[in-house]
Amino acid sequence: MDKLIIQSVDKSFGRIRALRQASLEISTGIFGLLGENGAGKTTLMRIIATVLKPDAGEITLGDIKWSRDSHKVRQILGYLPQEFGAFKNVTAEECLKYIAQLKGIRGSEECLLQTERVLKEVNLLEAKDRKVGGFSGGMRRRLGIAQALLNDPELIIVDEPTAGLDPAERIRFRNLLRQLGKNRIVILSTHIVEDIEATCQSLAVIKNGTSVQFSSQQELSAIAEGKVWTWKLSNADYNSLGKDVHVVSSKIHKEYVEARIIAGVKPGPEAEETEPTIEEGYLVWNMEQE
Amino acid sequence: MNLFNSIMKMELLTYRRNKLYYFTGIILLLYLLLGGYHFLREDYMEAGVMLQGSSYINMSAAMLGLFSGIMAGRRDKTAHFQEVLSSLPGDSVRPHAKICSWFIASAILTLLGYLDVLVLFKMADSEYLLFNKEILTYVIIYWGIPLFSCGVLGYFLESAISSNRLLIPVALLLWLIISPFNMILYPVLPERVLQLLNVGENDAQAYYDEYSGLHISGNYIKNALVFLLTSIALFISEVAYKKRDETGRRQKYTMLVVILLAMLFTCLLFNSMNWTEHAEDSIYYGALDNIPVKRSGNRGLLIESCNIKISFTENSCSYIAQEYISNIYDRRIPFTLYHGLEVISVKAEDKNIDFERKGDILYLTLPEGMEQSLITFEVRGSTGNLFPIYENAVYISSTFPWYPVPGEFVIAQKGFPYGDVEFKNLELEEPAKFHVKIEGNDQFYSNLEEVSKNEFQGLQKGVSLFKGMLISKNINGIEYIVPPDRVDDIISKMPEIQGKISYISEIIERPAKKVPEKIFVKPEYSSFHQYNYIFAQDHITASFSRYSTLNDIKGVFRSFYWNDIYREADNAHAYIFEIVLEYMEEPEKEYSYINIFATENRGDNSEFLQELSTEIIKLHKLNSEYLKELLRDMYGEIEKNPELPLSYWLDKIDELKEKG
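So the sequence lines, in the order shown, correspond to chains W and X. Going letter by letter, the first sequence gives residues 341 to 630 in the numbering used here. Going letter by letter, the second sequence gives residues 30 to 689 in the numbering used here.
This is chain X alone, in the form it adopts within the complex (with noise of 0.2 Å):
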């Protein structure tokens, strides 16, 4: 032990004499100053986007790794002094003495980077301090692994190849392999390959999701540690390789236990990461071409009260839902639950009972005269990709059947024009009881309150759950759960938001809605196509990413005035109202969609889009006040009568032509 202490110290003073490292501490610091400057502008702070676009960071940590790995390798051949060290006791040790002060070294180096970050954000005022832990993992999975491992593997190539004319581009070709560009080597090495030995970022320009926040999950930490093990493991094999002759069998035995182990750990790690794709919903709803729009409803099945204990794990959840149903009519009830959660058991009032699942509908056989009942449902599995479950985030909506929601609904169909898969609003018609306990220690939040540290309950339509990168703001009674500094970008953005709701109010004469006192974000990933909010009754939950069209008249009408309840009628009803509020805005922007569907073939129904735009525009040169007559007339008869054809806005338009 002191052997190797000793050995370690002499390594360090070398690293500590070394200008090279105080080099590349400066230019650290400087590319980080660069990167301040640039992502931390008090008009608009992107820390998260800095951080996952350090790419460069990463491939110089690798290229620093791999090269110090090399000079540490021959450190003592340069300066003429392995002959000597090589008669002395502490030479079997010395290669592992020079590795842990490698890291020793790679610590510091990562440590510098992270304070780093943290003077900038602090500087900057930036509340993704509050992640200081994210942050300081994400370091140590970007930085410092590629920079330890990659010395690591930089002193295994400098001991097995003696040629320097092979060693140096083979450890550029090495670099290059594990770098995130290394998708330049498709297809001589395959994609998953490709993706596995990449130690930076799957893709060096992806966007950022402020929602879920930096890649540090469970796969990503996985596919660091699979690296430094397997360079660790080669490292000790050409130690042991070398060291052949001079090794007592003791070591021999102990070194071949660690590679052994090293590989066991890295064959694991492998099998257990998990890529999954979550089910692609517009496969499935797009199949469903011909489910009725309307469905019995829930024929006044009431939710009392709904008792859940839940727990997530990588791309799943599961739970425990205790409802307290009332006004049962039958002996059979449908419920409606997304079709990607399997029902495990039902019991009615701690009896097992038989229940069918067709699709997204779950039919219950309950006992005898029973009018009220304790439904207990176990349930897991996947909530679907609109609303995926991740390991490091995760967004299910209220409006959202992830919960038996009573009655028999239409949980989404086939969207028009495009296909796109439109969900609908399966909040409750009343108001529940609702207490949900989420097991383990990431922090969530919810539109309940929270009573203790997950843990929420209140009498809502429905619960919508949040987990992720994100931070809550109490400012002027409103709450905030958003992305660190976001709120004063989603206050400003309000005001517009507001504006639009009146305008469209105004036309159709309905009450203007009131933006509720809670507002979420939600992530891009589960952007409702290209609409951006969900309107629940208690709060909104919006992407509120830099890109997106939060005025955007469209996604306004869709959200606040047709997904804010369960409408039978079919959506090409709305999508008629969004482009015609579209046009009204502005008449003369030429990439307007009835501009475009007035003189181009687009989408399914072509034909009637061309005519109905062609009419629009005529009716609007007639009398612009007859757009706002069709759309009040339009939205009160769909109303009422939600099975109206398509047709009916051309028959409306001749009625209001024939006026003029």
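Looking at chain W on its own, in the form it has when it is part of the complex (with noise of 0.2 Å):
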């Protein structure tokens, strides 16, 4: 399958400056964009999926020009916003047979046959006929992924897809996006860390509208090597330790905690390097830029 590149890609709202010089190269599997607040990634997305148009860059997917195309893009796109709603007096199934009858899927034989397929994929079947308007929030994020899955797209694009869910339905969330990156692209953007751990064969990174793409996982986390380290202290010394040691996390245990974290030298005599994480990885990366 053809790779994704997005190439210098401009966004401004007015004066702020959403995206700058954007460039990505994604191949097929699960691509992980992940950056705090504000940093560009949500605008990023919508240029992706089409809802907003650069103001300079080019997105193409093999012959298919973002700038030319847009109506056979989105034919070949699924997408999940941040905020994702339907309809409360409708039902999941004439929601999803709605969205089907958009993306070009004809007749109500074939509309049908789609529509519990995906509802039987993200475990919604039973409830096609309660109106969206009773949907837990996990329930609507689910239906989301499913309207994202008709006409089985190219290219998915998720954006937060797991914020305000419950941990299970976090976990659940996760193991289905595995199952989609097999054979077409999906992008994750997410500021949640451990999303992109358990996800993404790659990833990037943007921070103030800029883009730093990694090749895997391992290539982020390097970056915090010989930087991290673990550390067993007593709760009274763990407590006592200064604002500009910088924890990571910490695992409280019955005598003693266990903290994690980044320095550029030992930070005290009992401290062991450790192999960086993600996570890490992403926040000494995060501290250089700034």
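Think of the hints as simulated: they come from the structure by calculation, not from any bench.
Below 16 Å or equal to it, Euclidean Cα-Cα: the simulated EDC-like pairs (lysine to aspartate or glutamate) are:
# : chain 1 : residue 1 : chain 2 : residue 2
1 : X       : 482       : X       : 468
2 : X       : 686       : X       : 658
3 : X       : 522       : X       : 546
4 : X       : 38        : W       : 433
5 : W       : 428       : X       : 105
6 : X       : 106       : W       : 423
7 : W       : 567       : W       : 584
8 : X       : 466       : X       : 479
9 : W       : 412       : W       : 494
Treat the numbers as computed from the prediction; the structure is a model and nothing was measured.
Hints are included, so try docking the two chains, each in its own frame, into the full complex.
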């Protein structure tokens, strides 16, 4: 399958420059887009989803150009935005049938077939006759992914899909996403590193509208190599750690606290250098950018 | 097209599932039921008033439309569905599909309203049901179009104004500006602009004229269409602007063409709207103070036959009248024709002849030696403001010279004592064979017999034509041409009218006039100042509204015993007969004219009236029979001598007093 190439995309909203020459090359599989709130992830997602037009730059997928072929793009695209909802008074099946028709699926039988297929995939088949207004947050999110799957799209864009979900739902969602990435390009935009860790083969980090691509999770985590320490401290010592000590995470045991710390040098005698995670790689990268 | 249909179906589904519209339907039904209870009473049915008084439905439709449009515009956003929909095919046609589905929803609600009205009228057994097409037109103009157009406007506002704080007040202000009560904004906005913006009745409290019926003529339809087209043009402009980056060139041109067409039609419609005021006859005839009451009359000129082919436009008529005239006594002969009707050409035996117009008199110069001739008149113009022509209503009386009447007569004179114009009866002295053909599909009625649709003929002294919201009923051999639901009311009033006629005939010792076998209703706006009848030889026309005082003896006298023929005597005499008759009915009545004039100076000739009234009262106190004698004698004297001065009344009273 062709690569999705994003080339020097710029986008401004008034004086705010949301994207600055963002460039990415994305192959088949699940691609993570990591960044803090306001970094420009959603803007980029919306541009790929043809909801917004870039001020400059181009996006291509094979011979499809976003600037020229937006109607074709919409036919091969599935998009789950950050906030997804549907008309409260329609059932899940009616909602999906509607989207199926918009995506060009003709014939009521074909529509029904596809609708039931995607509902089954997201485990909502039994709730197909329930009105969307009565769905929980997790069910709504699953309905969102279901509509994105209609017509078997080549490209799926998922923006912050697990935000607001409880842990069980979040795990369920990640499992679902993993299945999706087998034969298509899936772009997952999130600020939750665990989502990237659990699902993405390759990723990029976006900050202040600029993107940096990494070929693998390891490439990102390697940035923090030699800078991550585990330190077992007493409760009192832990509580008296200064603000300049960058504690990434801590596990509270009965008599001590095991802290993971980012520091250029060993923070204390009992501290031990440890293998960095993606999150730590991201944090170090972020600190270096600042 | 498939995308369009899919979006429409979903929009309609959201309307179907929205309880607000069911609630609206129920409220509409309840309101109409309330209206029905109030207006569709067994003793007095006011179906037309019920409809015309439905300004609140009109305003509610506008309000519902505005807020439905706003909700439709933000429905996707509110449901957090917009983002997904924007990434799918069909996004550029979505606004148009939404408006089309709103059209369907509006049409359903409008149809529901229409059916509710029909059912109510049916339950009340109202004859108004015979005008179901007019009712539908009214419901569409005043309920349906405002509902739909305001929905389009609401969508436009929602798209154009992003701030909620501004959107709601603007929507409410717009609702006020387009309502029937928008005159409270005068003079901030000019009156003409406010009238045009008003999507309801021009005057929410307006009296309903049963004759002309509902306000559904061309101007009202045009007003509604202007509003509709303007709202569509605004909507398309906004959509075109918002989607300018996404729409292709072809789509852009299409939208531009639609906007330009909408604006063009709006301008054309606006330009074609004609709210012409009819000429004020009181000004014309009031200025003719010194016209001699005595005219030369017709000096024997006769119409043997008269063929008229006539057509009516919004405010005027045009016709060709072929009159076969006999007893021609001179080359130069006069005809009387209302001055508002312009003579285009005159032919005698198919040859053009010279003619001269002096006010209401038309002089023809005939070839030598003609004793009889077929004279063809080509005429067009206005019939004035007593018999005005409107698009939805026509009333012209046989007593009015709307076709050339042979002879030289006075059509009207300044009335006594207040100067109102008073028209005389210009029916022919001898009947003629009339044949009238009216062009067009609207149903006309006439005193002549109908031989086919809008074709009438008969041997009569004149032709009356009627068009309005009227029905024809034949009851016990009497033909009634009346507004719906009025015939029983009219029949119930006839005995009292006949009673008054008999009473007057006894006093003046003249045969009691028989109420003819054709009774027509005439419009309120054509009431002969305060008098409600026109008595022609073969029919009477009367204002039979609930508030007309048909049993007023003054009106009965004037119509049946004064204006029954052309009288050269001053109408001031008629006035005196009337006030004396009124006094005789109830001498103690404080507000009878005699009692008022005896104590107050009012109108022209106030001194004379005061003196006369005082003498009348004295005469009555002396012997009440003397008043009868006074009226009887004066009636006879005036018949013999039309030029009798008013002062003769005082002389006659003195004579009777001396007798006492």
